[in-house]
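Engineer: Protein chains in written order, with this note's numbering: chain P, 656 to 1208; chain C, 21 to 134; chain H, 74 to 516.
No wet-lab data here; the hints were simulated from the structure.
Heads up, a few of these hints could be off.
[To be verified] Straight-line alpha carbon distances no greater than 20 Å define the calculated SDA-like cross-link-like pairs of lysine to any residue that follow:
{"id": "1", "chain 1": "H", "residue 1": "Lys440", "chain 2": "C", "residue 2": "Cys117"}
{"id": "2", "chain 1": "C", "residue 1": "Lys87", "chain 2": "C", "residue 2": "Val73"}
{"id": "3", "chain 1": "H", "residue 1": "Lys88", "chain 2": "P", "residue 2": "Lys983"}
{"id": "4", "chain 1": "H", "residue 1": "Lys297", "chain 2": "H", "residue 2": "Lys324"}
{"id": "5", "chain 1": "P", "residue 1": "Lys983", "chain 2": "H", "residue 2": "Asp359"}
All values reported here derive from a predicted model rather than from experimental measurement.
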Amino acid sequence: MSLVKIANGTVYDPTNNIDGVVQDIWIQDGKIVAPPTATDVRPDRTLDATGLVVMAGGVDMHAHIAGPKVNLARKMRPEDKRLAPPVRRTPNTRSGTVGSVPSTFATGYLYAGMGYTTVFDAAIPPLAARHAHEEFGDTPIIDKGFFLLFGNNHYVLNQIAANEPERLKAFVGWMLHAAKAYAVKVVNPGGIEVWKGGGDNVHSLDESVEHFNVTPRQIITSLTQTAMDLGLPHPVHIHCNNLGLPGNWNTTLATMQALEGRRAHLTHIQFHSYGGGLGEQSQFCSKTTELADYVNAHPNLTVDVGQVLFGETTSMTGDGPLGYYLHKVTGRKWTNADTEMEAGCGIVPITYREKSFVHALQWAIGLEWYLLVNDPWRIAMSTDHPNGGSFLAYPEIIQLLMDRTYRQEVLKRVPPRVLECSVLKDLDREYSLYEIAIITRAAPARMLGLKHKGHLGIGADGDVAIYTPNANKLDMFALPRYVLKGGVVIVEQGEIREELFGRTLYAATSYDDGVLPDIQKWFEEYYTIQFNNYPVDEHYMTNGSTAVACSNR
Amino acid sequence: MDDIFILIPGRTSRQGTTLNEGKLKADFIEETQTLFMCPDDMTRRGVVDGERVRIRSEFGQVELTCKAAKTGELPPGLLFLPYGDPSSRLMGGETHCTGMPDSKGMDVQLEKLL
Amino acid sequence: MSEAAVMDAETRIVKDATCTFCGCVCDDMELTVVGKRITKAKNACVLGKAWFLNHHIEEHAVATIEGKPATLEEGVERAAQILANARYPIVYGLSDTTCEAQRVAVSIADRVGACVDTTTSVCHGPSGMAFQGVGEVTCTLGEVKNRADLVIFWGGNPAESHPRHWTRYSLMPKGLFVPNGRKGRTAVLVDVRKSKSAAAADIFWQIKPRKDFEVLWALRALVKGVEIDPAIEQETGISLAQMQDLVQRMKSCKFGIIFFGMGLSMTRGKHMNVEAALSLARDLNDYTRFYAKPVRGHGNVTGADNVVAWQTGYPFGVSLGRGYPRFNPGEFTTSDTLARGEADAGLIIASDPAGNFSQPAREHLKKIPYIALDPHESETTRGATVHFCTATYGINTPGTVYRMDDVPIPLRPAFDSPFPSDETVLRAIEKRVRELLRERLTN
Ligand code: SF4
Ligand SMILES: [Zn+2]
């Protein structure tokens, strides 16, 4: 039994329509509770939040923090870590390295240190699910889960080609269960299989994937429908075809249209909003306005941004051909790692330069997205960590959104042509604290279908971030006064006070096990591990897990 | 007498199976003390199958039993020794900033034991 | 009771068990277990059979301190004292234990400010460095099974070191795009020695010793259309025509792969040799899909790389001495910290540096107090201040192991051991070390 009172803070809780109201928050045994009615109740701990801003813990719905791709990047890039101040060991906490791909302990501490308490890894190949869970076991404080790669899975492609939606649904349900994953991720549908088969990529929604005779359009619509039919808490999470290529906005728009009103999340949308001829740098320009208009008019869609920030980072993606493309563009070292029957992966170091027209335009396009989507409930903050930049840049993004003067100052430093190719200079919208609370916790929690996250209503998890107001929003959000996880004060003024481990979140899917013999037959023919050794059992979730219910349909 | 051989330590099937019986057991010790040599070199150096030789590197020396390699397996000048305690005794401690001592392709001298 | 009746009463079959003897980590073992012995290991190769069938519970104290039997608690106390009082401790080994144990070992290293290093540094450590230099185009072994039509082994002898590599993954299996199995693939072996593996290759190149880099670099040049002097043959033992032929095959295959062994990583040039192989494979992706992978040795050496990397950010050779991870092969790697006489205490898990390190390294190890965890006796356990006799991973303990291609595989133990697992011992040491360090802080 523990009772915590956060007294007298100024609360921003958009889920419950609370916009800067001074009130107390009570947490009992890890959950938010109603203020006790009896007057003699003494909390075990009271935090005086007078004059402080109180929000739910941050929710990062799309980052790369665990699993094979992330760990390959760690191994590949010692130089990246040498530049960054390390995380030092203390009597209570472990040491770690930072750079663009922090080690597991550092990841947990740094997120928590910034007021984030829930994070999802966006791209895990099912065969490596066990690896991701093992890393989660060494990632302190935050609750976490991951999305599972499906868009180039052979069984999926086969069922789509054979027009077997029921079997597809059972397979996806079984896979999510076997991997203890949270959502369906689609990365460059069909394109990775083409790359693995020796081709270069797919370029439009209606190109056929050799051998499998399916198109990206079919993959997108089938998996979107499947995720809906399974009643998953989070709809399909789509990384569109043609990421990063000039002119790709057409593909992005076509993808949105192909969804025909079905619920879907389009991720790191910034990387998919480019005008110009396919493969032509010279006409590179922003098409955010066109795409944001479409999103504004279609409530079935949500997005996260994938903001680019200037500096050194690591591109890591399930999109194999993209890795090769970046390697060719940058000339830097390149890792490609393909997973049998399932997925691809590309990793390349990248430096986003303020003086580069392309990079600066990417930066501007990300900001355009935040400013052009009218309803903040349908856009989530992300850098696609570490692709556009580290998650540690979130306070910087907040400042860019809340302070247009600061934004204009940065805009003055970028190549002037950026101003012609984007509308950013004309956007004077500024985010309020309430809207920041939406895009950094309330909206992503809602998009993820996490009813107990992203808000401070009764029954929500006692994950709370308390900030000291400051005109400089970067400082304000980089260094919370307190952070609570499950009602325990874990961070005070940037210092980790207590090391605890958050839970793993996965979707509680059900599936028709009549399809298992067929899956097993396919599996045994092509995989190199035993069918029985594939599923991940609960004991990998050493710090506890929460199976999030699917809606019964 | 003093010509330089190149020694390649490596795994063998027997080295692997006897390892499972125990590194301190006779079979493993025997296997890891058996030096394989090109038959031509053996003739040239007057060593016959089963004879003992001393192998000396810059860093150490070991005594081994010599055995003819299968025809064609080892070219003249190349020696093979299953990994184990003796092969490691010939390595130096220097790793040239890699963490890995020169563990294959070592220069050694061979001397027949009388 | 007749012997048959005893058999019936005690015989169990364990399916989908995993052999952790080599990096192939075959998880299709069917073990017949009679009491506390494995009598049959169906699907295992000769090494795997030796691994399982030779396994028996030895008469041994759970712990010995300076050679004398001790209780587990006494062993833990002494081990924790050694580590907590050391100024330059090393944690080494780790490739033959579970990831669960490795995670605790790195934690201990972090708490006491040790150098943590694994047997990677003396097998494919240089390959890890090469990867840091140029990256790596790689894949899981199932990709090879399903797609590869050109398979090159370089500087290794899989027939004897990884006997099921060919049958399970790389040459024999029929795969999705290689329906005819072996017939659909061209196998190439490049080595200085015509090893037992040569018989299985369609093309065998016996190159001159220590010329791997030159051959690989020449192939790269040819791929890029650079002219090569025919004198390359005198230098390397391989003619220009042979090289041109292979380059042609590499460019025109659908899926090619170079599996390289320690012939590259252990021979002088080391990481440069491997960089040449990785670069060659990378360059070929301008024409087709081409991959390169190290053939990793010990059962869970790949897990060790992964665990050390996710906890510290670096794969091996990590110093935690300053309170945060620093990486420097040649400085923090165990061969070096021992050979230079720097380490003043050690925690050695499932490996035998006293039996396979260089002479100066062994001599220094003899001089310092150290703890060894190993199910079997070795030179290292004999010289240890504290030796814990532990259960064998995979046979007696569950846990996780990473195959050479980073695929994590769960273990299904055959029977219990009277000895504790590495993880159990390490957790006890970690707990006691933390207590001692806390006491020191408050005093
Ligand atoms: S190939 Fe390796 S893992 Fe497979 S059975 Fe043989 S020794 Fe064991
Ligand atoms: Zn992403």
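Engineer: Look at each hint and say if it fits the structure.
Structural biologist: Verification of the supplied hints:
| no. | hint | in the structure |
| --- | --- | --- |
| 1 | Lys440/H to Cys117/C | violated, 24 Å |
| 2 | Lys87/C to Val73/C | holds, 10 Å |
| 3 | Lys88/H to Lys983/P | violated, 47 Å |
| 4 | Lys297/H to Lys324/H | holds, 11 Å |
| 5 | Lys983/P to Asp359/H | holds, 10 Å |
Checked against the numbered hints above, the structure breaks hints 1 and 3 and satisfies the rest.
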